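Participant: Chain B: place on chain A using the hints.
Sequences listed follow chains A and B, in order. Quick note: the first sequence uses numbering that gives the first Met the number 0, first residue 0, plus one each step. Quick note: the second sequence uses numbering that gives the first Met the number 0, first residue 0, plus one each step.
The set of hints was computed from the structure by calculation and includes no laboratory data. Since no wrong hints were added, every one of them can be taken at face value.
From chain B, some residues computed to sit far from chain A (all C-beta separations above 10 Å):
| id | residue |
| --- | --- |
| 1 | Q22 |
| 2 | E32 |
| 3 | G144 |
| 4 | P174 |
| 5 | D179 |
| 6 | R211 |
| 7 | L227 |
| 8 | V265 |
| 9 | A306 |
| 10 | R337 |
Quick list of the computed label-pair ranges, beta carbon to beta carbon:
| id | chain 1 | residue 1 | chain 2 | residue 2 | range |
| --- | --- | --- | --- | --- | --- |
| 11 | B | A189 | A | R134 | 53 to 59 Å |
| 12 | A | L202 | B | D201 | 35 to 41 Å |
| 13 | A | P59 | B | K138 | 37 to 43 Å |
On a predicted model such as this, the values are computed, not experimentally measured, just so you know. Ideal placement from N, C-alpha and C gives every residue a C-beta, glycine not left out.
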Amino acid sequence: MSGSFSPLIASLEQAGPVGQSADAAVEWLLNHGQGLFGVVQQGIQALASALGWGLALPAPWLFAVGVALAGWHLVGGGFALFSLLGLNLVLALGLWDLMVDTLALVLASSFLALLLGFPLGVLGTRQLWIWRLLRPALDLMQTMPAFVYLIPAVMLFSTGAVPAIIATLIFAMPPVVRLTHLGIRQVPADLVEAGRSFGCTDLQLLWMVQLPNALPTVMSGVNQTIMLALSMVVITSMIGGGGLGDVVLRGIQQLDVGLGFEGGIAVVILAVILDRLSQGLSPGHGRRGQ
Amino acid sequence: MSSAITLDALSKHFPGQSTAAVQQVSLAIEPGEIFVVMGLSGSGKSTLLRMINGLIQPSSGSVAVRGQNLSDLSKGDLNRLRRRAMAMVFQSFALFPQRSVLDNAAFGLEVAGLPKAKRLAPAKRALERVGLGAQLHLKPAQLSGGMQQRVGLARALALDPPILLMDEAFSALDPLIRRDMQDLLLDLQAEQRRTVVFISHDLDEAIRIGDRIALMQSGQVLQCGTPLELLTAPASPEVQAFFKGVDRGSVLNLEQILEPCPQTLVLPDGADPAERAHQQLCFALNPSGQFLGILSPQDGWIHADAAGTLDSKSLVNDAISAVAQNRWPTPVLDHQRRLLGVVTPRRLLETLREGV
Chain A
0 MSGSFSPLIA SLEQAGPVGQ SADAAVEWLL NHGQGLFGVV QQGIQALASA
50 LGWGLALPAP WLFAVGVALA GWHLVGGGFA LFSLLGLNLV LALGLWDLMV
100 DTLALVLASS FLALLLGFPL GVLGTRQLWI WRLLRPALDL MQTMPAFVYL
150 IPAVMLFSTG AVPAIIATLI FAMPPVVRLT HLGIRQVPAD LVEAGRSFGC
200 TDLQLLWMVQ LPNALPTVMS GVNQTIMLAL SMVVITSMIG GGGLGDVVLR
250 GIQQLDVGLG FEGGIAVVIL AVILDRLSQG LSPGHGRRGQ
Chain B
0 MSSAITLDAL SKHFPGQSTA AVQQVSLAIE PGEIFVVMGL SGSGKSTLLR
50 MINGLIQPSS GSVAVRGQNL SDLSKGDLNR LRRRAMAMVF QSFALFPQRS
100 VLDNAAFGLE VAGLPKAKRL APAKRALERV GLGAQLHLKP AQLSGGMQQR
150 VGLARALALD PPILLMDEAF SALDPLIRRD MQDLLLDLQA EQRRTVVFIS
200 HDLDEAIRIG DRIALMQSGQ VLQCGTPLEL LTAPASPEVQ AFFKGVDRGS
250 VLNLEQILEP CPQTLVLPDG ADPAERAHQQ LCFALNPSGQ FLGILSPQDG
300 WIHADAAGTL DSKSLVNDAI SAVAQNRWPT PVLDHQRRLL GVVTPRRLLE
350 TLREGV
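Next up, chain A with everything else stripped away, as it sits in the complex (with noise of 0.2 Å):
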């Protein structure tokens, strides 16, 4: 893997000041936090495993027929339809179960970034100290560019899926952070100051008015999250993340236009069913919302 990149990394000079500073950070980090990072690691590679494994037990036409269901239910009968039609063409390209690697990186990743972003993105409408030091974060997080996470991430946690949902999920938590911060701001005044009349302690506040209110705005952030971390699931393919992108990455290697093809359908397809479904979670979307 890593001969493919080492002609392009010798023609660049060396990092400057901030890179180096940057370079520092990552390496006190390994000095120092050895032992977290140990369990961090195994905490999300059992997360990871066990997503794996349960994705893989049901037979591929049971999975299909599941999401069929679960798409007329919640979405439509024509994207009913579509997931059935398109989880059968995965099957016949052979790329089951790279689909099915890929899909348990998503929700990996997504499931830890939403625990992490959702509190957050609360937090930051309490204080608003927390908030401004969030705002920059986020930025950078949503618009450093994908790759450079991928190499910390292999620093400190080697290759493998451990670092391929950690870079995922650095990628894909900003807009559930920025969407649950700005569902909440959005509730309406009176509302709130109605809870507030009432009673309600801060947690009450939340739990039984700001949240039901933003949900809508917060499932459209946990929808972004997701296809978010889909795009970035298969650019983790460079370091060994597996799935889907591995596909596409031997494509590019192989300048093979017809492999690279399939497995960009594949990703589409994944694409379409978990964008649709997600927001056929969210209220007033779909079937549930009338």
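Facilitator: What follows is chain B alone, placed relative to chain A:
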């Protein structure tokens, strides 16, 4: 009995604003009264209301609710006081759009931690009381504005609070619906007296429902008193200006506009008034001053029962038709049927036009 709500030298100064929203307001609101805080927009009345339940912290001065000083309370105690002692109704209704009508009404009880079975019954009773027993499972958006505010009222009533805080609660409603809601509030008050602090910018509304009115301007209370006191004894030209154009007939009672009787005649006990012919209209009394009837040159003896008498406490508006029907000045009696004076159609018209 001590006051339900006591405001002492209460002020609020919002950062970045040159003048204080509320300045040195001291008021004592008594248990069981409908106390209307009346003023134009920007007069500080909504800020004042929000300091009563602690939604806004005063800059100086103090608020005591049922003897408890709000500034002495911890956050938890303040929340407990809000759940137990006072409920608020909002101009914008502020209903929770995802909740059904029933769950909206049960909100306060849910916050107080009551299990589902225990909170739905009072919520349902409150909704039935405001006439929404058939709409329990609709969403607020499916209701008209008037019905939505009934839900807002039921949400407050479900807690059975001794104090109701109503922030321009009926201002967003059509005039007819607003009148219905005022009637509903008065009915509720007749069933069970609560302390109601009612914010309004509508003087007719304030006069209609208020036991007392505090008139606010630029954060200060110009005058506080019964509608009658404000109308008949304005403390300043500003107060008087407020009452220009108000429906005076709905405030003044006949006692305020009485004219002296033109001529009275005291009949000894047992005398037959019909035997006395008179050239002039004359009001006959018994020795203790009670009204017996009218001696009229045209109509002869008119007995008190047929003389179209009015009670001195009747509102001017309620007296118009009786006064118009009588061919003689209408006698006005006190509760012991003593003749206090008379009211003529001319006098009524003058009163309604510009006042006393």
